[in-house]
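Can you build the whole structure from these sequences, using the hints too?
The primary structure of each chain is shown beneath.
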Amino acid sequence: MRHGLRPAPLLWGVAVAVPLGFLAVFFAWPVAALVVRGFVPDGALDLTGFAEVLSRPRTWRLVGLTLTQAVLGTAFSVLLGLPLAYLLYRRSFPGRSLARGLVTVPFVLPAVVVGVAFRALFAPGGTLGFLGLEESLAGIVVALVFFNVSVVVRTVGGLWERLDPRAEEAAASLGAAPARVFRTVTLPSLAPAITSAASVVFLFCATAFGVVLVLGGVRYGTIETEIWTRTTQFLDLRSASVLSILQLVVISAALAVSARARRRREAALHLVSARRTARPLSWRSPADVAASLAGVAIVAGLIVLPLAGLVARSFREPDGSWGPGNYVALGTTGERNALVVTVWEATATSLRIALAATLISLVVGGLVALVVSRRPRSAGTRRAIGTLDGLFMLPLGVSAVTVGFGFLITMDQPVLGLDLRTSGLLVPVAQAVVAVPLVVRTVLPVLRAIDPRLREVAAVLGSGPGRVLRTVDLPIALRSLGLATGFAFAVSLGEFGATSFLARPDGATLPVVIYRLIGRPGAENYGMALAASVVLAALTATVMMVAELLRDDRAGGEF
Amino acid sequence: MLRLSGAHGGTIPTAAAALSVALLLAGCSGGSGSGDDSSAAGDTVTLVTHDSWALDEKLIDQFEQESGTTVEVSAAGDAGTLVNQLVLTKDAPLGDAVFGIDNTFASRALEAGVVEEYTPADLPEGAEQLGGALTPVDQGDVCVNADEAWFEESGLEVPTTLEDLADPQYKDLLVVSNPATSSPGLAFLLATIGAFGEDGFEDYWTSLVDNGVKVADSWEDAYYVDFSGAGEGGERPLALSYATSPAFTVTEDGSASTTSALLETCFRQVEYAGVLAGSDNPEGAKALVDFLLTNDVQAALPESMYMYPADPAVELPADWQQFAPQAEAPFQVDPADVSEHRDEWIERWTETVVG
Numbered sequence: 001m002r003h004g005l006r007p008a009p010l011l012w013g014v015a016v017a018v019p020l021g022f023l024a025v026f027f028a029w030p031v032a033a034l035v036v037r038g039f040v041p042d043g044a045l046d047l048t049g050f051a052e053v054l055s056r057p058r059t060w061r062l063v064g065l066t067l068t069q070a071v072l073g074t075a076f077s078v079l080l081g082l083p084l085a086y087l088l089y090r091r092s093f094p095g096r097s098l099a100r101g102l103v104t105v106p107f108v109l110p111a112v113v114v115g116v117a118f119r120a121l122f123a124p125g126g127t128l129g130f131l132g133l134e135e136s137l138a139g140i141v142v143a144l145v146f147f148n149v150s151v152v153v154r155t156v157g158g159l160w161e162r163l164d165p166r167a168e169e170a171a172a173s174l175g176a177a178p179a180r181v182f183r184t185v186t187l188p189s190l191a192p193a194i195t196s197a198a199s200v201v202f203l204f205c206a207t208a209f210g211v212v213l214v215l216g217g218v219r220y221g222t223i224e225t226e227i228w229t230r231t232t233q234f235l236d237l238r239s240a241s242v243l244s245i246l247q248l249v250v251i252s253a254a255l256a257v258s259a260r261a262r263r264r265r266e267a268a269l270h271l272v273s274a275r276r277t278a279r280p281l282s283w284r285s286p287a288d289v290a291a292s293l294a295g296v297a298i299v300a301g302l303i304v305l306p307l308a309g310l311v312a313r314s315f316r317e318p319d320g321s322w323g324p325g326n327y328v329a330l331g332t333t334g335e336r337n338a339l340v341v342t343v344w345e346a347t348a349t350s351l352r353i354a355l356a357a358t359l360i361s362l363v364v365g366g367l368v369a370l371v372v373s374r375r376p377r378s379a380g381t382r383r384a385i386g387t388l389d390g391l392f393m394l395p396l397g398v399s400a401v402t403v404g405f406g407f408l409i410t411m412d413q414p415v416l417g418l419d420l421r422t423s424g425l426l427v428p429v430a431q432a433v434v435a436v437p438l439v440v441r442t443v444l445p446v447l448r449a450i451d452p453r454l455r456e457v458a459a460v461l462g463s464g465p466g467r468v469l470r471t472v473d474l475p476i477a478l479r480s481l482g483l484a485t486g487f488a489f490a491v492s493l494g495e496f497g498a499t500s501f502l503a504r505p506d507g508a509t510l511p512v513v514i515y516r517l518i519g520r521p522g523a524e525n526y527g528m529a530l531a532a533s534v535v536l537a538a539l540t541a542t543v544m545m546v547a548e549l550l551r552d553d554r555a556g557g558e559f
Numbered sequence: 001m002l003r004l005s006g007a008h009g010g011t012i013p014t015a016a017a018a019l020s021v022a023l024l025l026a027g028c029s030g031g032s033g034s035g036d037d038s039s040a041a042g043d044t045v046t047l048v049t050h051d052s053w054a055l056d057e058k059l060i061d062q063f064e065q066e067s068g069t070t071v072e073v074s075a076a077g078d079a080g081t082l083v084n085q086l087v088l089t090k091d092a093p094l095g096d097a098v099f100g101i102d103n104t105f106a107s108r109a110l111e112a113g114v115v116e117e118y119t120p121a122d123l124p125e126g127a128e129q130l131g132g133a134l135t136p137v138d139q140g141d142v143c144v145n146a147d148e149a150w151f152e153e154s155g156l157e158v159p160t161t162l163e164d165l166a167d168p169q170y171k172d173l174l175v176v177s178n179p180a181t182s183s184p185g186l187a188f189l190l191a192t193i194g195a196f197g198e199d200g201f202e203d204y205w206t207s208l209v210d211n212g213v214k215v216a217d218s219w220e221d222a223y224y225v226d227f228s229g230a231g232e233g234g235e236r237p238l239a240l241s242y243a244t245s246p247a248f249t250v251t252e253d254g255s256a257s258t259t260s261a262l263l264e265t266c267f268r269q270v271e272y273a274g275v276l277a278g279s280d281n282p283e284g285a286k287a288l289v290d291f292l293l294t295n296d297v298q299a300a301l302p303e304s305m306y307m308y309p310a311d312p313a314v315e316l317p318a319d320w321q322q323f324a325p326q327a328e329a330p331f332q333v334d335p336a337d338v339s340e341h342r343d344e345w346i347e348r349w350t351e352t353v354v355g
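Same order as they appear, the protein sequences are chains A and B.
If you're matching positions, the first sequence starts at 1 in our numbering and goes up one per residue.
If you're matching positions, the second sequence starts at 1 in our numbering and goes up one per residue.
It should be emphasised that the hints constitute simulated quantities derived from the structure, not laboratory data.
Just so we're clear, the structure is a prediction, and the values are computed from it rather than from any experiment.
Treat each hint with caution, since some may be false.
[As the list claims (entries may be wrong)] Sample of chain B residues at the chain A side, in silico, Cβ under 8 Å:
(1) 85
(2) 181
(3) 220
(4) 221
(5) 232
(6) 245
(7) 343
[What the hints assert, rightly or not] Here are the simulated lysine to any residue pairs, SDA-like style, with alpha carbons at most 20 Å apart:
(8) B:90 / A:409
(9) B:171 / A:125
(10) B:90 / A:43
(11) B:90 / A:40
(12) B:90 / A:37
(13) B:58 / A:345
(14) B:90 / A:412
(15) B:90 / A:33
(16) B:58 / A:331
(17) B:58 / B:303
(18) B:171 / B:211
(19) B:90 / A:36
(20) B:58 / A:342
(21) B:90 / A:32
(22) B:58 / A:506
(23) B:171 / B:155
(24) B:58 / A:332
(25) B:90 / B:73
(26) B:58 / B:68
(27) B:90 / B:277
(28) B:90 / A:41
(29) B:58 / A:341
(30) B:171 / B:148
(31) B:171 / B:149
(32) B:171 / A:124
(33) B:90 / B:283
(34) B:171 / B:235
[Stated by the list, open to error] Partial selection, computed: residues in chain A whose CB lies under 10 Å from chain B:
(35) 125
(36) 233
(37) 234
(38) 319
(39) 338
(40) 339
For each residue, glycine too, the CB sits at the ideal point set by N, CA and C.
Here you go:
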C-alpha cells in the first residue's frame, strides 16, 4: 500500500488498544459498577428509582440550572477568551510569556479557596457587594468564567498562532475590512479549536461542584452537587445512579451537538511556524487597540482582581500587620499541627505526582489524538473514530464521586500485593483520566489542520508510514504537545477530588493541605491556606511559562 | 471543580504499565505490600480515618515500636463520606481499624455491620456512657460562637440560649451552615431537635428564618466570609462553630479571647474507633484501638485534633481550660432516632428554611 494513509495496521491497533484499555479499566468499570450497585440493591433489579427521581420537580429544576449555568459559562468564556487568544498568541509584546502563564493560574486554584474569595468579594460589605451577586446565578457564572477562560485562550491560541496569515492578507488586499476578514477568513479557520475548547469548558461548567456549592448558597445547585450530596451524605445510591445516568445523557447530547458542529467546520489549513505569525503589537491597528483594551480589562477585572485580593491577604499577619509570616509558616505543620506534613513536603509530593500524571496523560492522550486525527475513506471507520473521540471526553462529564465510590468497590482485590485503594498509586492515574481529554482537545485541532496532501506527497516520494508520521505529523504535534504538557501538569497540580479520595495523609498534595488548612479555625491556618494557594498559583504560572519556552521555535524553524 | 476518576489495575498490560510508571515516579514506599494473606498480628495494621486525622508521628512511632506493628493510615473525606465508604466496601474492608465515625453516623455503620463489637478492657471511667459497640475516643461540642467586641461596641448583651437567637433584637446577626452539606450544620440541626423536639424544630427554624438567619454551604464559608469574629471582614457577629474555636482567637498577650461559645446552644459530637469486620489483622486493630485510649494519645488530642479526650481524667492544655470550656448540658438526640430520621429531618429542614 503506497497510500500513506494506511500505515501498519499493527501500529494503529496498539494506538487504539492502549487508550481504550486505560479508559475501560480506570473509568468505565468503576462507574458502571457503582451505577449497577444503585439499581441492584439487594440482588434484584430495581428500576423504580427512575420514576421517583424523574418525577421530582427538583430534578428538572436542577437539570435546567445545570444547563443554564454551563451554557452561560461557556458562552462568556469563549467571548472573553478570543481577544485574549489573539493578543497572547498572535501579537508579541514584552511580558507576553508572563501573561500567558498568568492566564492559566485560575484553572488550578482550589475551588473552596476561590469560592470563599469570590463570596467575600460579593458579600454585603465586600469590595463588589454593591453588585448584588451574592447567591446569584451571575455570581456563579463569573466564577466559572474565571476558572475556564484559560482553556479557551490556550486551545484557540495554539491553533491561531500557526494559521498562515497570507489568507487574511489576501482578503485584506482585496479590500475587505478587518471585521469582514475576521468573520469570513479567520473565524472559520479557528472554528474547530473554538468548538473544541467550548465543549471542554461546557463539561467543566456542567460538572462544576465546589464553586457552585459555595457561591450558589442553598438555592442553586446542579445535577453534580445533587449527586455529591445524595452519595456522600445520604448514601442514596439509587437516586445517585439515576442522576448519574441523567447527567451522562445530558452531557452526551451536548457533546453530540458540538461534535457535529466541529465536523462541519473542520478543514485542512495551511499551518506555519508560530514565529512567522506573531507581529509586534501595533497602536496603529484598530484591531490591536481594541484587543488590547479588551484584554487588559478582562485580565485586570476577571483574573488580577480576585487573585490580587488573595495575594494581598496572604501577606497579612494574624495581628493585622503586613509581613511574610504566612509564607514562613509553610515550613511548619500549621497552628496546632493542623497538618501531618509541611506545605513544602506536600508541594514536593504534588510535583512528583504531577510528573507521573503528565507522562501518562501525554501517552494516552497523544495516541487518541493521533488516531482521531485520521480521516479514513470508509464511513464505518470514520464513525468508529468519532465515537472514540467522544468516549475520551466522558471523564469530564461524569460525577467525581460516582467514579470515586465506584473505584472503591471495583478494586477490592490486591494487585501485585498492593491494595490500590489505599496505596496512593492511583492518584496520578486518576488525575491522568481527567487530563487526557484536555491533551486530546489541545493537540487534535492542530493535527487535524495538517493538510493531508503533505502526507500524500511524502508517501508518493517513497516515505513509509512510520516516516510520514515522523517527518510530517510529529514536528507539528510536538509543538502543541508542549501546550498539552503544561495543561496536563496544571490539571494534576490543581486536582483535588480524586486526590482527596485516594491520598494518604503523609502523601497529601498541595490542594489537599490547602483544603485542610482552610477547614480549621485560626487566623494562622487561614493565612497559611492563602499563602499555600499563592504558591500553587506561582508554581502553575512557572510551569506554564516553561512549557511555552520549551515549545518555542528554535532558530532555523522546523518547516 | 471537583473531578475524580480512578479504578483498578488488573491483568491488562496498560494498567500495569501505567502503574509501574506511577510507581517509579510517585516514589511510593509501598510499605503496605505484605500482609494481605497472612493474618498474623504484629505485621501491618491499616487505620481508616477521615481527613481531619492528625496525630503526632512520635506517638505512632511509639506504638509501632511497642507493638512491632507498622501503622498505615488511609484517610478519605469527611466523617459522613468515611462511613459511607466503609459501608460500600464492607465485603473487602479498606483496612483493619477505623477512627472517626461520629455519633451522627454511628448507627449507619453499626446497622451495616462494618465494625466488630469490641470494648477495650481499660475503657476509661466516664467514657462508657459515650460508648457501645464502638469505642469513644474523643468528643467536641458544636455551638454558636459570638464576636465579643462587636457586642460590646453595639451595647447588646451577648445572647445565651437558642431562644435568644430568634429574638428580634438579634435580627440578621446569625450565620449557620447547611445540614445537608456540612457536619457542624447537621449537628446544630440535631441540637434544635434535641431542644424543641421532633415536632417543634420546624417552628423554631421558621422563627430563625424570620429573624434573618443566613445559611452558608460549609463551616469555612460561614466562619471566614460571614463571621465578624474571624477577622476577615465578615458582618455577622454570631456564627455556628465549635466550643473550641475561641482558643484560636486568643489575643496577642494571651489574656483573653475575642470570641466565645454560647454553651447553651451546643450539640455534642463523639468520635469513635472500632475494629473493622473482615479485617486481616483484628489483633493489631484491637491493639490500635486500645492505644487511642492511652493517656499519651488522649492528652495529645486537643493539640492535634482539636477534640476533647473521651477520658475525663486527662488534663487539658491551659488555654483550653481558660478559653474552650465544654458545655455542661449539651443537647442530645438518641443515635437510633438520628439513624432512622436523619434524611427526613434534613429534608424537612430544607423545606422550612430554603423553601
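Structure-based check of each hint:
1. 85: 6 Å, holds
2. 181: 6 Å, holds
3. 220: Nearest chain A Cβ about 5 Å off; hint holds.
4. 221: 5 Å, holds
5. 232: 7 Å, holds
6. 245: With Cβ-Cβ at 4 Å, under 8 Å, it holds.
7. 343: 5 Å, holds
8. B:90 / A:409: Holds. Residue 90 (chain B) to residue 409 (chain A) sits at ~9 Å (cutoff 20 Å).
9. B:171 / A:125: Holds - the C-alpha atoms of residue 125 (chain A) and residue 171 (chain B) are around 17 Å apart, at most 20 Å.
10. B:90 / A:43: 16 Å, holds
11. B:90 / A:40: Roughly 17 Å separates the two Cα atoms, so the pair holds.
12. B:90 / A:37: 14 Å, holds
13. B:58 / A:345: 18 Å, holds
14. B:90 / A:412: At roughly 10 Å apart (the allowed maximum being 20 Å), residue 412 (chain A) and residue 90 (chain B) satisfy the hint.
15. B:90 / A:33: 15 Å, holds
16. B:58 / A:331: 18 Å, holds
17. B:58 / B:303: 14 Å, holds
18. B:171 / B:211: 5 Å, holds
19. B:90 / A:36: 17 Å, holds
20. B:58 / A:342: 16 Å, holds
21. B:90 / A:32: At roughly 19 Å apart (the allowed maximum being 20 Å), residue 32 (chain A) and residue 90 (chain B) satisfy the hint.
22. B:58 / A:506: 14 Å, holds
23. B:171 / B:155: This hinted pair holds, its Cα atoms lying about 15 Å apart.
24. B:58 / A:332: Given pair residue 58 (chain B), residue 332 (chain A) holds - Cα atoms ~16 Å apart, limit 20 Å.
25. B:90 / B:73: 18 Å, holds
26. B:58 / B:68: 15 Å, holds
27. B:90 / B:277: Distance ~7 Å between residue 90 (chain B) and residue 277 (chain B) Cα, so the pair holds.
28. B:90 / A:41: Holds, at about 14 Å.
29. B:58 / A:341: 13 Å, holds
30. B:171 / B:148: The given pair, whose Cα atoms are some 17 Å apart, holds under the 20 Å limit.
31. B:171 / B:149: Roughly 18 Å separates the two Cα atoms, so the pair holds.
32. B:171 / A:124: Within the cut-off at roughly 16 Å; holds.
33. B:90 / B:283: 18 Å, holds
34. B:171 / B:235: With Cα atoms ~13 Å apart, residue 171 (chain B) and residue 235 (chain B) stay inside 20 Å; holds.
35. 125: The hint holds - residue 125 (chain A) has a Cβ within 10 Å of chain B, the shortest such distance being about 5 Å.
36. 233: 5 Å, holds
37. 234: Holds - the Cβ of residue 234 (chain A) comes within 10 Å of chain B, reaching about 5 Å at its closest.
38. 319: Cβ of residue 319 (chain A) sits 6 Å from chain B, so the hint holds.
39. 338: Interface hint status for residue 338 (chain A): holds (7 Å vs cutoff 10 Å).
40. 339: Holds, because the Cβ-Cβ distance from residue 339 (chain A) to chain B comes to roughly 7 Å (cut-off 10 Å).
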